[in-house]
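Chemist: Take a look at the letters that make up each chain.
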Amino acid sequence: AQSVTQLDSHVSVSEGTPVLLRCNYSSSYSPSLFWYVQHPNKGLQLLLKYTSAATLVKGINGFEAEFKKSETSFHLTKPSAHMSDAAEYFCVVSAPYFSGGYNKLIFGAGTRLAVHP
Amino acid sequence: SQTIHQWPATLVQPVGSPLSLECTVEGTSNPNLYWYRQAAGRGLQLLFYSVGIGQISSEVPQNLSASRPQDRQFILSSKKLLLSDSGFYLCAWSKKGAFRSGNQPQHFGDGTRLSIL
Chain P
1 AQSVTQLDSH VSVSEGTPVL LRCNYSSSYS PSLFWYVQHP NKGLQLLLKY
51 TSAATLVKGI NGFEAEFKKS ETSFHLTKPS AHMSDAAEYF CVVSAPYFSG
101 GYNKLIFGAG TRLAVHP
Chain F
1 SQTIHQWPAT LVQPVGSPLS LECTVEGTSN PNLYWYRQAA GRGLQLLFYS
51 VGIGQISSEV PQNLSASRPQ DRQFILSSKK LLLSDSGFYL CAWSKKGAFR
101 SGNQPQHFGD GTRLSIL
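Chains as they are written, first to last, in my numbering: chain P, 1 to 117; chain F, 1 to 117.
Chain P on its own, in the form it takes in the complex (with noise of 0.2 Å):
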């Protein structure tokens, strides 16, 4: 089974100081990870994605996240913060189908940032 946990239900960081939100998973499979932000009243949109090449993922927008399979973790950070990236952000681990045709995603609680000048 899939399922995702992400440890901080609210981060709040200054204007240009570094961003962490932390995500652990756990898969039977091996996993495929993705990170989506939601700013107020809006969609999901896909921020980055990890699907078993490079361990380190580079997304939009200056985010990028770590596969760390001993730590089973997916820790999504940014060096630098702007306000423009105050939204809530899911960690999200994907089933892979064996029938039904298409892969389930779970999704984490969701980790609030806050991005303070």
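Among the hints, a few may not be true.
[Unchecked claim] Simulated crosslink set (BS3-like; lysine-lysine; CA at most 30 Å straight-line): (1) K58/P x K104/P; (2) K68/P x K79/F; (3) K95/F x K68/P; (4) K42/P x K79/F; (5) K49/P x K96/F; (6) K104/P x K49/P; (7) K96/F x K58/P; (8) K96/F x K42/P; (9) K95/F x K104/P; (10) K69/P x K79/F.
Just so you know, these hints were derived from the structure itself, not from any lab.
Mind docking chain F on chain P? Use the hints.
Modeler: Okay, now just chain F, sitting in the frame of chain P:
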């Protein structure tokens, strides 16, 4: 490039009224399509998914139904809305992944905010 459109953006409906939310995808063919609901303070709940025209699978028994009359059109409906149907409804699409693969991310529309009075 692919785009996904959802409408309306906001909707206020009385209890007992019908509902129709529409979602269309452009720039791809034979996508998987999904409807999610995001209740306030809660995560995303997958309501329906479709792997082809006329093929609908329900994840959660409820007051809602879905239809896929065309390859890139997905409709969420209800005959009589309940107060508990309030929430943020998101449509998403994905490419079909390889069997036993979970590497296809889903791409979301901007959502419909549904309020039931």
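Chemist: Next step is simple, just say for each hint if it's right about the structure.
Modeler: Now the hints, each set against the structure:
1. About 23 Å separates the Cα atoms of K58/P and K104/P, which keeps this hinted pair within 30 Å; it holds.
2. Annotation: proposed proximity of K68/P to K79/F is violated, straight-line Cα distance about 48 Å (limit 30 Å).
3. Restraint check for K95/F and K68/P: the C-alpha separation of about 27 Å stays at or below 30 Å, so the hint holds.
4. Note on K42/P and K79/F: the hinted pairing holds, with a Cα-Cα distance of about 26 Å set against a maximum of 30 Å.
5. Of the pairs offered as hints, the one joining K49/P and K96/F holds, with about 16 Å between alpha carbons and a cut-off of 30 Å not exceeded.
6. Under the criterion of a C-alpha separation no larger than 30 Å, the hint pairing K104/P with K49/P is consistent with the structure, at around 15 Å.
7. Between K96/F and K58/P, the direct Cα distance comes to roughly 23 Å. Compliance with the 30 Å bound is thereby established for this hinted pair.
8. Only pairs whose Cα atoms come within 30 Å are accepted, and K96/F paired with K42/P is accepted, the gap being roughly 25 Å.
9. As the CA atoms of K95/F and K104/P are separated by approximately 13 Å, the hinted pair is consistent with the 30 Å bound.
10. The hinted pair formed by K69/P and K79/F fails the criterion: a straight-line CA distance of about 47 Å is larger than 30 Å.
Hint violations for this structure: numbers 2 and 10, all remaining hints satisfied.
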